[in-house]
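So the protein lines, in turn, are chains A and B. Those letters in the first sequence? Residues 1 to 423, per the numbering used here, in order. Those letters in the second sequence? Residues 1 to 423, per the numbering used here, in order.
To be clear, the hints were calculated from the coordinates, so they are not data collected in a lab. Heads up, a few of these hints could be off.
[What the hints assert, rightly or not] The calculated BS3-like cross-link candidates involving lysine-lysine, where the alpha carbons are at most 30 Å apart (straight line), are:
1. K174(B) <-> K399(A)
2. K275(A) <-> K399(B)
3. K94(A) <-> K111(B)
4. K399(A) <-> K169(B)
5. K102(A) <-> K35(B)
6. K94(A) <-> K334(B)
7. K94(B) <-> K334(A)
8. K237(A) <-> K13(B)
9. K334(A) <-> K111(B)
10. K174(A) <-> K399(B)
11. K286(B) <-> K238(A)
12. K399(B) <-> K286(A)
13. K399(B) <-> K399(A)
14. K390(A) <-> K334(B)
15. K111(A) <-> K111(B)
16. K334(B) <-> K87(A)
17. K286(A) <-> K390(B)
18. K238(B) <-> K390(A)
19. K102(A) <-> K334(B)
20. K111(A) <-> K238(B)
21. K334(A) <-> K390(B)
22. K399(A) <-> K286(B)
23. K334(B) <-> K111(A)
24. K102(B) <-> K169(A)
25. K94(A) <-> K399(B)
There are 2 protein chains.
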Amino acid sequence: MKIVKVGAEVSIKRDIDTGTEQQREAVEAIIAQVKEQGDQALFELTKKFDGAELTSLRVTEEELEGAYAEIDDELISALREAIVNIKDFHERQKRQSWMTTKEDGTILGQKVTPLDSVGVYVPGGKAAYPSSIMMNVIPAQVAGVERIVMVSPAGADGLLPASVLVTAKELGVKEIYKVGGAQAVAALAYGTESIQSVDKITGPGNIYVALAKRAVFGTVDIDMIAGPSEIVVLADKKANPRYIAADLLSQAEHDEQASAVLVTTSQELAEDVAKEVEEQLTTLPKRDIAGASIRDYGVIYVAQDLVEAIDVVNQLAPEHLEILTEEPMNLIGKIRHAGAIFVGPYSSEPVGDYFAGPNHVLPTNGTARFSSPLNVDDFTKKSSIISYSKQAIEEHGRKISALARLEGLEAHARAIDIRLEEK
Amino acid sequence: MKIVKVGAEVSIKRDIDTGTEQQREAVEAIIAQVKEQGDQALFELTKKFDGAELTSLRVTEEELEGAYAEIDDELISALREAIVNIKDFHERQKRQSWMTTKEDGTILGQKVTPLDSVGVYVPGGKAAYPSSIMMNVIPAQVAGVERIVMVSPAGADGLLPASVLVTAKELGVKEIYKVGGAQAVAALAYGTESIQSVDKITGPGNIYVALAKRAVFGTVDIDMIAGPSEIVVLADKKANPRYIAADLLSQAEHDEQASAVLVTTSQELAEDVAKEVEEQLTTLPKRDIAGASIRDYGVIYVAQDLVEAIDVVNQLAPEHLEILTEEPMNLIGKIRHAGAIFVGPYSSEPVGDYFAGPNHVLPTNGTARFSSPLNVDDFTKKSSIISYSKQAIEEHGRKISALARLEGLEAHARAIDIRLEEK
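Based on the provided sequences and hints, a complete structural model is requested.
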């Protein structure tokens with residue numbers, strides 16, 4: 001890993017992948033085909049892209065139950081415990097509708113309502129992560145969304161991976177369709193004979209899925225479109241270089257585009273971590289991917305002091321931040337931008353990826369400056385409540401119509417005046 | 001207004017205006033020019049589009065204070081009262097950071113942090129609404145955003161409207177630039193010599209502003225891109241047709257594309273309202289605009305009963321909903337989708353546009369299915385906090401690494417294992 005002194009500007013921001021012209025056109029064509037032909041398009045495209053000849057898209061109860069044979073009991077109990085933790089954390093985010101009343105009879109408030117329906121995209125093959133299903137489904141369930149649909153591309157055998165099915169079953173998701181890619185997104189947005197449209201689509205996917213989500217945004221809501229993943233570790237001289245190297249590599253193995261950064265006040269630690277990374281890398285199954293990520297996007301910044309180091313962290317606005325310093329909890333008040341903050345030596349990032357409870361869907365690519373982890377609010381919306389009494393309109397009506405006239409909106413003013421005339 | 005019985009499907013949804021090819025290209029060129037030439041581009045484009053030859057972009061303290069001479073004292077006191085109401089309502093939305101602790105030493109939480117900086121776009125000329133400035137600035141202030149910037153195109157005289165300046169001064173906004181259009185959005189997103197970039201851009205604008213916001217989205221956050229405005233009035237036979245007609249017209253005067261809809265259980269009321277609308281229309285200054293809106297997008301649905309009527313309202317998912325029925329408060333639990341709900345005969349929509357306190361920036365075009373009024377949350381972001389103790393990792397580490405291995409992520413598993421080995 002290259003070691004550099006903190007310079008004028010640091011950034012992990014990269015251009016958003018908006019695909020090639022060809023990819024964008026392919027996605028547009030797929031969306032148009034699904035809008036026009038419905039299920040027939042889904043069957044055709046599934047045969048073409050996934051090699052599966054299906055006669056029905058919906059996963060059956062038998063498929064769900066059959067999947068349990070393939071998954072170890074201990075894993076199932078770990079999954080169940082993770083589900084409990086994630087539910088518990090998200091339950092604490094729930095907001096109540098509220099109202100406030102005034103003596104003149106005015107009632108104002110915010111009504112919080114869950115979305116009616118949500119579609120969760122689950123990528124196919126090796127990227128079909130059970131953790132990602134939990135992280136997308138649970139906040140929607142906690143929010144109170146009544147209809148939660150899952151879509152995922154079938155393998156050539158016409159089946160979904162057992163781990164996906166077991167996770168869905170453990171979560172109580174019952175409406176699952178074997179369809180993926182841009183065609184699945186189009187079906188969720190516009191509906192077909194067998195798939196009713198939803199209000200919001202979440203979940204990760206390849207570039208075709210991302211482009212399709214972007215294209216249907218507005219018709220339905222979408223979650224963020226995730227960029228490459230990042231970790232920043234903030235550490236002082238007392239931190240354990242083996243821990244840090246392992247954590248940097250856990251990020252790097254995701255993707256050649258992933259970025260692993262150490263910001264430290266210690267030149268010695270910087271050198272130790274660089275050595276440890278090389279060493280641990282040699283025995284990793286995904287050493288090619290992780291190696292490329294470390295080479296192209298890995299960097300160790302050496303700062304003069306913690307103030308400068310924290311400044312670097314805030315400039316990076318990382319998706320994941322680990323703090324391995326002497327008094328880590330005392331620093332979180334200084335962190336302005338980070339998706340998730342892992343505090344202290346035992347809070348390795350995978351703790352949050354799988355188990356602790358907070359969501360692992362986090363703002364990437366510097367968007368932690370203005371975005372949040374996926375959360376219960378993302379699956380609700382608010383409606384303002386305004387109730388004015390006769391007394392209130394008589395007291396304040398003239399001011400309201402004056403403000404309307406200041407903006408040249410006479411019909412607005414008259415809507416108030418007409419209530420004042422008739423008293 | 002046309003009166004129709006409730007049919008199979010109702011909708012106010014219209015295609016989102018994505019501009020013409022020419023408009024999109026113009027916006028791209030402007031953004032590129034601002035990125036390249038900075039302030040120089042802003043001066044040039046301001047001369048070209050607004051006819052103002054400026055030597056400095058920033059509004060001076062003298063300009064702010066001079067504006068007071070042009071605004072009536074009574075209006076200023078109405079503005080001040082509105083500001084108090086809007087602040088009060090938004091203060092109630094504020095969220096606290098929170099934490100939860102477990103006996104094994106685990107600490108989990110959500111840290112709520114205001115955005116660092118926000119830019120508010122204020123349209124020029126007649127569309128420079130003081131109310132819109134209040135509704136965009138106040139939630140950001142209440143959230144705790146430190147730097148709030150306003151941009152607005154100057155008139156040919158090189159000045160901003162007095163009402164804009166007075167509103168800004170009353171709100172305490174000090175950083176105001178005389179620049180509008182796509183060039184202002186580009187400056188806010190990428191920064192120039194005199195305008196530092198911001199994290200989020202909000203506020204309404206014409207198609208060029210909307211296209212520019214769409215183009216910079218991702219680099220910075222944006223608020224929703226508003227479509228044409230709508231009102232739906234839900235009324236039974238006892239409602240006052242004059243009130244309803246006035247409220248429908250207050251929406252219709254905004255824009256020829258605006259939509260005014262009555263949903264009622266009474267054929268008689270339907271006919272009375274249709275008549276009243278025609279009558280009130282004749283004396284309105286904006287009768288051409290309002291007339292076109294009513295003709296093209298105005299409709300009265302007659303429903304068999306309240307159940308059917310409410311179903312229509314939920315299908316429409318209106319920006320503004322007024323309920324003028326016998327027991328209006330009892331119905332709000334049945335409303336699943338609406339930006340703002342105005343309850344009872346005295347809660348005319350302009351009450352909310354200017355004065356009551358809730359935000360008037362609302363989800364349009366059916367997006368109330370999944371979007372909320374502009375609110376304090378829009379100007380904050382959350383960071384997850386995860387702190388695991390040695391005890392916690394020893395107790396749960398094996399489960400975490402097992403879940404990581406299920407997903408084929410060995411480096412994730414090893415980051416946990418390395419902490420378990422060293423105990």
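Do the hints match the structure? See the list:
1. With a C-alpha separation of about 26 Å, the suggested pair K174(B) and K399(A) falls inside the 30 Å cut-off, and the hint holds.
2. For a cut-off of 30 Å, the pair hint linking K275(A) to K399(B) stands: about 29 Å separates their Cα positions.
3. About 15 Å separates the Cα atoms of K94(A) and K111(B), which keeps this hinted pair within 30 Å; it holds.
4. Our distance criterion of 30 Å between C-alpha atoms is met by K399(A) and K169(B), whose separation comes to about 20 Å.
5. Pair hint K102(A) plus K35(B) does not hold up; C-alpha atoms about 50 Å apart against a cutoff of 30 Å.
6. Taking the CA atoms of K94(A) and K334(B), the gap is about 20 Å. The hint holds against a cut of 30 Å.
7. Straight-line distance between C-alpha atoms of K94(B) and K334(A) comes to about 20 Å, which keeps the hinted pair within the 30 Å bound.
8. Distance check on the hinted pair: K237(A) and K13(B) sit about 59 Å apart at the alpha-carbon level, beyond 30 Å; violated.
9. Proposed proximity of K334(A) and K111(B) is supported: the alpha carbons are some 11 Å apart, at most 30 Å.
10. Between K174(A) and K399(B) the alpha-carbon distance is near 26 Å, which keeps this suggested pair within the 30 Å criterion.
11. As the CA atoms of K286(B) and K238(A) are separated by approximately 72 Å, the hinted pair breaks the 30 Å bound.
12. Among the hinted pairs, K399(B) with K286(A) is consistent with the structure: their alpha-carbon atoms are about 21 Å apart, no more than 30 Å.
13. For the given pair, K399(B) sits about 64 Å from K399(A) by alpha-carbon distance, which is inconsistent with the 30 Å threshold.
14. The hinted pair formed by K390(A) and K334(B) meets the criterion: a straight-line CA distance of about 25 Å does not exceed 30 Å.
15. Taken as a hint, the K111(A) and K111(B) pair is honoured in the structure, with Cα atoms around 24 Å apart against an allowance of 30 Å.
16. Proximity of K334(B) to K87(A) is assessed by CA-CA distance (about 27 Å); at most 30 Å being required, the pair is judged to hold.
17. For the hint pairing K286(A) with K390(B), the CA-to-CA distance comes to about 28 Å; that is within 30 Å, so the pair holds.
18. Simply put, K238(B) and K390(A) have alpha-carbon atoms about 17 Å apart, close enough for the 30 Å limit, and the pair holds.
19. For the hint linking K102(A) to K334(B), the alpha-carbon distance of about 24 Å falls within 30 Å, and the restraint holds.
20. For the proposed pair K111(A) and K238(B), the alpha carbon gap of about 26 Å is at most 30 Å, so the pair holds.
21. Taking the CA atoms of K334(A) and K390(B), the gap is about 25 Å. The hint holds against a cut of 30 Å.
22. Distance check on the hinted pair: K399(A) and K286(B) sit about 21 Å apart at the alpha-carbon level, within 30 Å; holds.
23. Simply put, K334(B) and K111(A) have alpha-carbon atoms about 11 Å apart, close enough for the 30 Å limit, and the pair holds.
24. Using a Cα cut-off of 30 Å, the hinted pair K102(B) and K169(A) holds, with the two alpha carbons roughly 28 Å apart.
25. Proposed proximity of K94(A) and K399(B) is supported: the alpha carbons are some 28 Å apart, at most 30 Å.
Hint compliance for this structure: hints 5, 8, 11, 13 are broken, all remaining hints hold.
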